[in-house]
Amino acid sequence: MPVLHIINKSPFEKNSLDTCLRLAKTGSAILFIEDAIYATQKNTAVAAKVDAAVGKYSVYALKPDLDARGLDKNEIIDGISLVDYEGFVQLATEYSGVQSWL
Amino acid sequence: MSATKKLLYVNRKAPHGSIYALESLEVVLIGAAFEQDVSLAFIDDGVYQLMLNQDTSGIGVKNFSSTYKALGDYDINQIYVEKESLELRGLSKENLLPLTWEDEDDDWAEKDSIQVVSSKELTDIIEKQDVIFSF
Amino acid sequence: MKFGILVNEGPYTHQASDTAYHFTAAALKMGHEIVRVFFYHDGVNNGTRLGVPPQDDRNITTRWCALGEEYKLDMVLCVAAAQRRGLLDENEAKRAAKDTDNMAPGFNISGLGQLIDAGIQADRLMVFGD
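Residue numbers (numbering that gives the first Met the number 0), protein chains in the order written: chain A, 0 to 101; chain B, 0 to 134; chain C, 0 to 129.
None of these hints come from the bench; they were simulated from the model.
Beta carbons are placed, not taken as given, at the ideal position from N, Cα and C, and that holds for glycine.
Some hints could be false.
Simulated restraints, written as ranges between beta carbons of each label pair [claimed, not checked]:
hint, chain 1, residue 1, chain 2, residue 2, range
1, A, D50, C, K93, 56 to 64 Å
2, B, L87, C, E69, 27 to 35 Å
3, A, D83, C, G85, 30 to 38 Å
4, B, G16, C, G112, 24 to 32 Å
5, C, T99, A, N73, 51 to 59 Å
6, A, S95, B, L51, 47 to 55 Å
7, C, Y70, A, Q89, 15 to 23 Å
8, A, E12, B, G59, 25 to 33 Å
Listed below are the simulated SDA-like cross-link pairs for lysine to any residue, each with C-alpha atoms no more than 25 Å apart in a straight line [said to hold, decoys possible]:
hint, chain 1, residue 1, chain 2, residue 2
9, A, K72, A, M0
10, C, K1, A, K48
11, A, K24, B, E86
12, B, K127, A, S57
13, B, K5, B, I29
14, C, K1, A, S57
15, A, K48, B, M50
16, C, K97, C, A79
17, A, K62, C, K97
18, A, K62, C, D55
The following block holds chain A by itself, in its conformation from the complex:
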């Protein structure tokens, strides 16, 4: 029963991304919100890690948080889908549970 894993902190500030990747079962989903949105960008020190994650998980990012931070949607790692708040709600209904990695 796949879970929706939500990460909200920057991978350069906290280890939430690493912990999530260690404990999320293959086939579950990851949603980047708030400051975690920085993990979506190509050419960062975590890009390879996130790129590998795209192969194992369905990966999403909250577009309003991307726009707020001046990030270019063309610079996000391939395979990451952007959602709005309604999309966020929809994801929460589609997965069997939700885990917030604060």
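Starting from the structure of chain A, add chains B and C where the hints point.
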């Protein structure tokens, strides 16, 4: 009567530097009255919450570490500590509070509440939960 | 679907309350049910009546109040967390012999049992924090 749910409380923060450890324990204790299938997971710096020999007198904050020992009395005995988190911090189960519970189905034998689990085992535990509380 | 919402942080310092608000508003617009919005840790500070944020920025408290009013939401401040942080309704202020209360309308103060209850009653518990 509705079916019991599997509740997981996830602790990833160290004690005393912030209030999350104390206030999450308060949720666990109140939640015990609801007689659900409760598990606690200690991951990352959360493992520090269970350290032995905490003495907070010098910093003047409440020492609530002994409260974890009461969990067994509240039928909370599925306490998972992630092995990788311990190892990264140079710790082992011997550094942790010896939390126990009494199994009434086994002549009240005293048993360990803490299970040190691998990341893979914890992944499977997380997948099985109905409700996950994070603090 | 039924959602429980847990807000662990206060207004402005973290984005948690904002994200929780936008999620809750979207869920309601989509026809979902919100069992309860439970404010814990510094999240109780979202319930202050005395906030005076700058005019050119969102007013997080009144925004929650308006949503609560529109959809008749059960918005609960945890009593223990609220007492610790000085968020009191009229009854709590009287009981503690304080010279005033400071809770905004539309919130109510209750115990941690309400959080567990929300977790059990809802199909999904959404946690917003630091």
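Results of checking the hints against the structure:
1. A:D50 x C:K93: 56 to 64 Å: Given about 59 Å between the Cβ atoms, the range holds.
2. B:L87 x C:E69: 27 to 35 Å: 47 Å, violated
3. A:D83 x C:G85: 30 to 38 Å: Check passed, 37 Å falls within 30 to 38 Å.
4. B:G16 x C:G112: 24 to 32 Å: 28 Å, holds
5. C:T99 x A:N73: 51 to 59 Å: 53 Å, holds
6. A:S95 x B:L51: 47 to 55 Å: 37 Å, violated
7. C:Y70 x A:Q89: 15 to 23 Å: 19 Å, holds
8. A:E12 x B:G59: 25 to 33 Å: 29 Å, holds
9. A:K72 x A:M0: Violated. A:K72 to A:M0 sits at ~30 Å, over the 25 Å cutoff.
10. C:K1 x A:K48: With Cα atoms ~34 Å apart, C:K1 and A:K48 exceed 25 Å; violated.
11. A:K24 x B:E86: Satisfied, since the Cα-Cα distance of roughly 22 Å is no more than 25 Å.
12. B:K127 x A:S57: 19 Å, holds
13. B:K5 x B:I29: 16 Å, holds
14. C:K1 x A:S57: Judged against 25 Å, a Cα distance of about 24 Å means the pair holds.
15. A:K48 x B:M50: Distance of about 32 Å is beyond 25 Å: violated.
16. C:K97 x C:A79: Distance ~16 Å between C:K97 and C:A79 Cα, so the pair holds.
17. A:K62 x C:K97: 45 Å, violated
18. A:K62 x C:D55: 23 Å, holds
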